[in-house]
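Engineer: One letter stands for each residue in the lines below.
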Amino acid sequence: MEDREIIGLFFERSERAIRELDKKYGKAVKAIAGNVLRDRQDAEECVNDAYLGVWSSIPPQRPDSLGSYVCRIARNQAISRLRSNTAAKRNDGFDLVLDELEECVSSGADVEAEIEGKELSRAVDRFLATLDYDDRFLFVRRYWYADSVKEIAAAMGRKENQLSVRLFRLREKLRKTLVKEGLLV
Amino acid sequence: MNREKLFDSLAELDDRYIAEALRYSPEAASGSSERIVHLNKKKIISFALAAVLILALGAAAYAVFSTYSARVPEPEETFRINWEENASGYIEWTDAKLAVTFPDTAESKEIEFRPGWLPDELSELMVKKPLSRLTAEELAYKFPELSGSQPLLIESYSMSMFNDGGALLLLYYTPEEIIEERWEEQGVDVMRFHATMHVDAAPHIHAPERTIEQDIILMSNPEAGWIVCLNGEIGMDELVKVARNLEIFETGRALTYDDFENHYAFMDGGVG
Chain A
151 MEDREIIGLF FERSERAIRE LDKKYGKAVK AIAGNVLRDR QDAEECVNDA
201 YLGVWSSIPP QRPDSLGSYV CRIARNQAIS RLRSNTAAKR NDGFDLVLDE
251 LEECVSSGAD VEAEIEGKEL SRAVDRFLAT LDYDDRFLFV RRYWYADSVK
301 EIAAAMGRKE NQLSVRLFRL REKLRKTLVK EGLLV
Chain B
648 MNREKLFDSL AELDDRYIAE ALRYSPEAAS GSSERIVHLN KKKIISFALA
698 AVLILALGAA AYAVFSTYSA RVPEPEETFR INWEENASGY IEWTDAKLAV
748 TFPDTAESKE IEFRPGWLPD ELSELMVKKP LSRLTAEELA YKFPELSGSQ
798 PLLIESYSMS MFNDGGALLL LYYTPEEIIE ERWEEQGVDV MRFHATMHVD
848 AAPHIHAPER TIEQDIILMS NPEAGWIVCL NGEIGMDELV KVARNLEIFE
898 TGRALTYDDF ENHYAFMDGG VG
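Order-wise, the sequence lines are chains A and B. Heads up, the first sequence is in the numbering used here, so the first residue is 151 and it goes up one at a time. Heads up, the second sequence is in the numbering used here, so the first residue is 648 and it goes up one at a time.
Any given hint could be a false lead.
Label-pair ranges, simulated between beta-carbon atoms [to be verified]:
(1) B/D906 - A/G176: 35 to 45 Å
(2) B/D906 - A/K326: 21 to 31 Å
(3) B/R891 - A/E322: 45 to 55 Å
(4) B/S672 - A/K268: 42 to 52 Å
By construction, these hints were calculated from the structure, which means they are not laboratory data. As the structure is a computational prediction, the values presented were derived from the model and not from experiment. Yeah, the Cβ is synthetic: ideal placement off N, Cα and C, and Gly gets one too.
Next comes chain B alone, as it looks inside the complex (with noise of 0.2 Å):
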């Protein structure tokens, strides 16, 4: 190795470190491990401040299953975050293309965890440490194929997130076929559907007129309540396969409605 070789090494440092030398907080030097821990608890708060409040409702149940119910809004459903005490702290969103609702749960086991089986073009994801989120957005700085996709995404909620009519949105993929599942070997309901996303060409930075493409994977189990969402552009086999063998971890901690500032999440982005 020579200093090219460490100084590349430093590309793929943690988020966490390039955001925070953004600025500099004189604030924020009076503790380092303090800090850390800090950024991390941010990280879950924003995520929770994802919330969107659903101001009109009445659109025909889509399909109703054992653990979840699904159904399309109409396009002039309105859904908003607020993540400011202010008149202008929201943003609105109209055209949802799907939301899932849960039966209201008092109390969901906290859940982590780590991959058992993943694509060979994905092998770099497999880690040890057992997560809540795990993405494989930082493949496409090494690998540049991989630049404009998703291939692999999976992250944890909890049922008592969404109690009193709280929801996990679809807003701009279009769900195709909504495939009901029990998995009894993991103990899940299983809600999973291919999904596709037009966008349009942007002449003024020559970009071109394409289509996206997602599979997508709710697992839930409604004795412990929590849900495991999975997408990705690996093909739903291969999401299917990468589903069955997680290995999912119970942290001891259980969360109630009032763990959570909002309740709202989204399963394709945008507010993440």
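Extracted from the complex, chain A is given alone in its bound form (with noise of 0.2 Å):
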């Protein structure tokens, strides 16, 4: 179904909405929510929340891409929850992804305290604009959806060990192009 009829079906306040949206996206929402929280239930419940989320938004809202709108939601709604776990319930293979970003404000460089986060995320944006698609699927799997380096070497057909470094040069040409840009002294 495509996405503005499932729209549409939110507008009518269709109870097939949420049925449709979890047949489309369903996969993608449960894995970034299992990606971000160890915890089935953990996630499960991100899930739903998610769901409600865009049942509660859709009116007024009409998102352009029901997909990333969705998952947007769903990942912001793990992390809230990812940070308000106890230690217990923390996720190695998240940990892992963060740690690798670190990389690209490490180095010995410093990064600007004061940086508005916006400013970052739309030298983020001009980053991703110019890698060719495989490189920018590459990092948005792995530091937007937190998938882990097998999924995504399972998806695009390659080996895992030939995506590990290609992670690592673009780990590098953003840090490269964050110090270009002046965000990173």
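From the two separate chains plus the hints, produce the assembled complex.
Structural biologist: Take a look at the structure:
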């Protein structure tokens, strides 16, 4: 079913809207919740919260891309939930994603503390626009969807080692971009 | 900044990249910048695909203005969108609340716009780059109090798109009194109104009954053939201020009827 048709169901307050949303994007939403939250029950609750968020916001909102809209809500919900969880529930896999990102902001370079999040976000957008499709897919799946390298390799039909090397180069390229744009000093 | 801040900043990544990475497409792996351009075009095409076919006409005119006319369709009047050439490739709606039509226009000047003034709470939307669509949806991720609202949405249309019976429709919101004006400073004809939509309770997910309110302004320039639609929940006075301060730029391109695959669009969404 097309996005606009599903959004139409939300506007009509049809319960089928949630079913169709889950049918089309459930796999991606569950994956991102599971990637950030190791706990299965937490992840399921996060998915339900994300669907409720979509139900409560459409209408009046009408997102251009329903898939990115629901995934973005799920990601935000999952991160909030992770941060409020106890240390016992920490997710090592997600920590690894953060550790990798740390390479972009360390290596002896300090980052301006007062950088606006939006400015940084736009810099990452510009960085992604310079990449080819494969690199962009790899970067977004790893650092936005928090997929494991193994999962990305399976989706792309590549070897894990090959992608790990590619990710290392992409992080280095991002770091240089941030330095060049004056966001890293 | 630390790794968390960098990760957080990714939360606001452009929708294009998030949607693009939903699933891997080997066919798309052949080029980078080309793919980005393609996605932009696709977005425009899918917007144009939000077309409806008015199957039954004949309702009385609601009002007649210098640039446009508006009428309330009969409840049973059917509006239909075709997006694929097959038996099931359409959507149908009934009970539209308002249909606005425009004089046939051979060529419309394509425009982009930039806000010249916005309320403080929307100041993050003040951009330098001219746009053809501005939405506050992304702010809802950052400010939870906005998550159940549509604070501001601005879109541009071409009159030539609506030639030969095409229309700009209000499907879900019910309009109140329609005000007709001429804003000489901007050289535009204006139609503006307050609209409401009742949303039933959904006990299965504990969502309460509610009424959503929006103000809608249509500004059209009959000489240049463009239309700008603003809607939002910031109140009519502030919406008028946004509209009056909007900076509008012609791109130099002229659009004709044939540039649009379909000739219907919506003011209030559901099919955007």
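Engineer: Hints first: check each against the structure and report whether it holds.
Structural biologist: Okay, the hints, checked on the actual structure:
{"no.": "1", "hint": "B/D906 - A/G176: 35 to 45 Å", "verdict": "holds (37 Å)"}
{"no.": "2", "hint": "B/D906 - A/K326: 21 to 31 Å", "verdict": "violated (42 Å)"}
{"no.": "3", "hint": "B/R891 - A/E322: 45 to 55 Å", "verdict": "holds (49 Å)"}
{"no.": "4", "hint": "B/S672 - A/K268: 42 to 52 Å", "verdict": "violated (29 Å)"}
Checked against the numbered hints above, the structure violates hints 2 and 4; every other hint is satisfied.
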